[in-house]
Amino acid sequence: MTIHPERRARLATMLAAHQVEALLVTSRVNVRYLTGLDSSNAAVLVRADGSALLATDNRYIDKTRGLDVEAVEAGDVAARLAVPGAGIEAAHMTVATFQRLGQGLVPLPPLVERLRATKDDEELEHLRTACAIGDQAFADLVDAGGIRPGVTEREIARLLETRMAELGADGPAFDSIVAAGENGAIPHHAPTARPLRAGDLVTLDFGARHRGYHSDMTRTVCLGEPAAWQREIYDLVAAAQRAGREALAPGAEAKDVDAAARSVIEAAGHGDHFRHGLGHGVGLEIHEEPFLGPSRTGKLEDRVPITVEPGVYLPGQGGVRIEDTLVTREGEPELLTKTTKELLVL
Numbered sequence: 001m002t003i004h005p006e007r008r009a010r011l012a013t014m015l016a017a018h019q020v021e022a023l024l025v026t027s028r029v030n031v032r033y034l035t036g037l038d039s040s041n042a043a044v045l046v047r048a049d050g051s052a053l054l055a056t057d058n059r060y061i062d063k064t065r066g067l068d069v070e071a072v073e074a075g076d077v078a079a080r081l082a083v084p085g086a087g088i089e090a091a092h093m094t095v096a097t098f099q100r101l102g103q104g105l106v107p108l109p110p111l112v113e114r115l116r117a118t119k120d121d122e123e124l125e126h127l128r129t130a131c132a133i134g135d136q137a138f139a140d141l142v143d144a145g146g147i148r149p150g151v152t153e154r155e156i157a158r159l160l161e162t163r164m165a166e167l168g169a170d171g172p173a174f175d176s177i178v179a180a181g182e183n184g185a186i187p188h189h190a191p192t193a194r195p196l197r198a199g200d201l202v203t204l205d206f207g208a209r210h211r212g213y214h215s216d217m218t219r220t221v222c223l224g225e226p227a228a229w230q231r232e233i234y235d236l237v238a239a240a241q242r243a244g245r246e247a248l249a250p251g252a253e254a255k256d257v258d259a260a261a262r263s264v265i266e267a268a269g270h271g272d273h274f275r276h277g278l279g280h281g282v283g284l285e286i287h288e289e290p291f292l293g294p295s296r297t298g299k300l301e302d303r304v305p306i307t308v309e310p311g312v313y314l315p316g317q318g319g320v321r322i323e324d325t326l327v328t329r330e331g332e333p334e335l336l337t338k339t340t341k342e343l344l345v346l
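Taking UniProt numbering, the leading residue of the sequence shown gets 1, the next gets one more, and so forth.
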């Protein structure tokens, strides 16, 4: 059995628990995962017996040839596949489409996303490549002296993304974050024309996309010898990140992994300065199941790529975030982002 029929078979086994005979999948990412077709207008109906029917329009129908799924051409793909009693992806179908398709459809939780959390060998290899591209691009930028006073945040983001493309990335995994000085206190700061200055902490959060799979890493560097407060929060975040990585394991509760890192920061009196969850899954999307946070439920499984990214953000001063992508394994997790986490003084 090839990979896409196997994925659809795994999904089919989940339908009985929800008392439906089929699931109408309309999420672009989920259609790709289940069929191999990447299209802006496609849907797939997966039945409880594992059979499936894919619909797309005439722009993409030729791309379905050679796929291991029956395909039909349709303008309104959801209407072509909707059958009474079928489940729908409640998180993805609009209210307008749901109402237009009529009665008898059953909103369901994100079943395909749960399947996607655990990766197969091919997916993990794509992620390893994406992470290696990000690692190398960062190393090349540092070696070339690209992170220096006078260069703007936007220029550094552009240099990183250009280098990732040169190394084989399909594109950036997301809009790169470069946050210098006081901007480092904003976790999702958008790069500006602010030039880097001597004494700045600079946070770089970036990733590459390879064959549809996304990498994610963050490193924080210092321009010149760090001040005492900068070294203090860097060492604190590094300790919290180690604790989070060490807590990753199949069977671990998502909230417990978050707590392992968060408790280190809280014990140092900076609990109010760590304002986001510890991490998230990566794959065909940059943020996907599972998520690590104080209120997150569920246990991690084996072969789940996930980020560990604690941070300390001091308003008006700056911040530090250190992030790796790892894969849960029995024993130690597999580290995919391998650039040093020692504080680089540039």
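Source of the hints: derived by calculation from the structure; they are not laboratory data.
Idealized CB from N, CA, C, for every residue including glycine.
Any given hint could be a false lead.
To be verified - Subject to a maximum C-alpha distance of 25 Å in a straight line, what follows is the list of computed SDA-like cross-link-like pairs (lysine to any residue):
1. K338 x E288
2. K338 x P250
3. K299 x A239
4. K299 x D121
5. K341 x P149
6. K338 x G168
7. K338 x E225
What the hints assert, rightly or not - Restraint ranges, calculated between C-beta atoms of paired labels, are given here:
8. E21 x E334: 37 to 45 Å
9. T97 x E73: 13 to 21 Å
10. K338 x R65: 38 to 46 Å
11. L335 x D68: 32 to 40 Å
12. N58 x H18: 27 to 35 Å
13. G66 x E330: 33 to 41 Å
* Asked: Lying within 13 to 21 Å: is that true of the beta-carbon distance T97 to E73?
  -> Given range 13 to 21 Å: holds, Cβ gap about 19 Å.
* For N58 and H18, compare the CB-CB distance with the range 27 to 35 Å and indicate the outcome. => At roughly 33 Å between Cβ atoms, H18 and N58 fall inside 27 to 35 Å, so the hint holds.
* Restraint status (C-alpha distance of K338 to G168 at most 25 Å) -> holds, 18 Å
* Going straight from one Cα to the other, do K338 and E288 come out at no more than 25 Å? -> holds, 22 Å
* Under the criterion that the straight-line Cα-Cα distance not exceed 25 Å, is the pair K299, D121 satisfied? -> Satisfied, since the Cα-Cα distance of roughly 21 Å is no more than 25 Å.
* Asked: Is K341 within 25 Å of P149, Cα to Cα?
  -> The hint holds at about 22 Å.
* To do: Mind checking the alpha carbons of K338 and P250 for me, to see if they're no more than 25 Å apart?
  => holds, 21 Å
* Pairwise beta carbon distance, L335 to D68, judged against the given window 32 to 40 Å -> holds, 34 Å
* Below or equal to 25 Å on CA atoms is what counts here, so check K338 against E225. => Roughly 24 Å between the alpha carbons, so the hint for K338 and E225 holds.
* Asked: K338 and R65, beta-carbon distance inside 38 to 46 Å?
  -> holds, 40 Å
* Asked: G66 and E330, beta-carbon distance inside 33 to 41 Å?
  -> 37 Å Cβ-Cβ, so the 33 to 41 Å window holds.
* **C-beta pair E21, E334: status relative to the range 37 to 45 Å that was hinted** => holds, 39 Å
When held up to the earlier numbered hints, the structure conflicts with none and fits them all.
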